[in-house]
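Enquirer: So the sequence lines, in the order shown, correspond to chains B and G. Read left to right, the first sequence gives residues 1 to 195 (this note's numbering). Read left to right, the second sequence gives residues 1001 to 1195 (this note's numbering).
Just to be clear, a hint being listed does not mean it is correct.
Claimed, not checked - Dumping the calculated DSS-like pairs for lysine-lysine here, alpha-carbon to alpha-carbon at most 27 Å:
(1) G:K1135 x B:K153
(2) B:K153 x G:K1060
(3) B:K135 x B:K153
(4) G:K1021 x B:K135
(5) G:K1021 x G:K1060
Claimed, not checked - To give an idea of the chain G side of the interface with chain B (calculated C-beta under 7 Å), a few residues:
(6) R1010
(7) L1011
(8) L1089
(9) V1163
(10) S1166
To be verified - Here are some chain G residues pointing at chain B (derived, C-beta under 8 Å):
(11) A1004
(12) G1016
(13) E1017
(14) V1067
(15) G1076
(16) Q1091
(17) G1095
(18) A1141
(19) P1149
(20) V1164
(21) E1174
(22) L1178
(23) P1191
Calculated directly from the structure, the hints in this document are not laboratory data. Every residue gets a Cβ at the ideal spot worked out from N, C-alpha and C, and that includes glycine.
Protein chains: 2
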Amino acid sequence: MQLADTCVIRLPAWLGEWLGKQERDYGDERDCMSMVVELSAENVRRQSGGPFAAAVIDSKNDRLISVGVNLVSESGLSMAHAEMVALSLAQNALGDWNLGRFGGMQLYTSCEPCAMCFGAVPWSGVTSLKCAASKADAEAAGFDEGEKPADWKQALQARGIDVVTSLLREEATEVFRLYRASGGLIYNPGPDPED
Amino acid sequence: MQLADTCVIRLPAWLGEWLGKQERDYGDERDCMSMVVELSAENVRRQSGGPFAAAVIDSKNDRLISVGVNLVSESGLSMAHAEMVALSLAQNALGDWNLGRFGGMQLYTSCEPCAMCFGAVPWSGVTSLKCAASKADAEAAGFDEGEKPADWKQALQARGIDVVTSLLREEATEVFRLYRASGGLIYNPGPDPED
C-alpha cells in the first residue's frame, strides 16, 4: 500500500525579499512586534494566507531566528498556523527540536495563540511568548480560536514561559479588518457551505 | 538575510514495508486501533521516536488514508507528534487542509492527545477521535501532556466530533513500558540536564 509519506511547509517566495528590506532592532520588543504585524499585513496583501504572522527572536544576541505566516491554504495543512511555522523553522535553522537548549528564545505572534498553538508553545522550548491581538479580537473578526484553558497564561508562566499580551494590539487588529475588507476567506473546517 | 524557509516531515523508511504486511479490516474499530498500537511499538523497536502512533481512516469506505508516528527527534520538530503527522499526511494525500470536506474522517491515536494535538483536532476537519491510552497513562510513564481544558471531550463533541477513549488502553500502555524498558528518552523541552 502506498500512502503519502512526506509533507512540506515552505514560506512564500516573496518573503525573503520582504525580510531583506527590514531594518529592525531585534533587541527592541516593539520593533520586533512591529515587524511581525507588518508581516501579517503583507501576507494578506500577497494573498498567501490568513492575517497572522510570528517570529522567533534570540534574546541573547537580538537575532532574528525565523519567521512564520499563516499558510493553511497555501500548504494545504490545517496545522500551518504562523506560530507553528515560525517554531518549526527555528528548530530547523538551529538543528534541534528543543529551543530550550539555547536559552532565551522568544516567540512573537501577531495574535494570541489558538488552542493548538498554545499547546505547542511549551513543547518548543521558547522561554517567552509575546502577543499582539487578543482571542476576542480574532473572534470578533470571525476566526475560531478553539478552547484554551481559562488560565492559559498562568499555565505557561508556571512552566517558566513569560507571557506578554496586547503589544501593538490595535495595529494587529487593524490587519484583521484589512483581511475582511479584501474579501479574505474565514476558513473554518467542516463540509462546504453549499453542501 | 537568509533564514530557513522550509521544513519537512517524512515517515521513517521502514514504515512502508511494515504497513504493506498489515492485513486489517479498516471497518473494524478494534482492528484499526490494534494496527495503530502495534505501529507505536514498532516505532519504539526501530528507535525512530516516542511510543506514539496515529492513523486517519475514511469511515465511508473503510479505507486507511494516512498513518503517523512520533517523529520529534527524527524530524527535529517539536510539533511532530503522531497525530499531527497523520493529520498532515491525510491532508496531503487528499489535497485539502479541510478533511471535513470529505466527511467521515476518523483520527485514531494510541494515546489521548496532548494539549497541542487536542487543539489541532477541530482544525483538521475529522469527525471522530478514538484514543487508546489515557493522559494519566502517559504521565505515569513520564510524558508531559500539557494543559487541556478539563472538559476537552465535551468541547470536541460540541463541535460535532465524536470521542471514544480507552480503546485497547492496556495494549497501548504496555508500549510505554516497552519504551521505558528499552531506555527510550523521555524528551521534555528545556535546558540540558547537565547544564
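Enquirer: Does each hint hold? Answer for all of them.
Expert: Status of the hints after comparison with the structure:
no.	hint	in the structure
1	G:K1135 x B:K153	holds (21 Å)
2	B:K153 x G:K1060	violated (41 Å)
3	B:K135 x B:K153	holds (13 Å)
4	G:K1021 x B:K135	violated (47 Å)
5	G:K1021 x G:K1060	holds (23 Å)
6	R1010	holds (5 Å)
7	L1011	holds (4 Å)
8	L1089	holds (5 Å)
9	V1163	violated (13 Å)
10	S1166	violated (22 Å)
11	A1004	holds (4 Å)
12	G1016	holds (7 Å)
13	E1017	violated (10 Å)
14	V1067	holds (7 Å)
15	G1076	holds (5 Å)
16	Q1091	holds (5 Å)
17	G1095	holds (6 Å)
18	A1141	violated (17 Å)
19	P1149	holds (5 Å)
20	V1164	violated (19 Å)
21	E1174	violated (25 Å)
22	L1178	violated (22 Å)
23	P1191	holds (6 Å)
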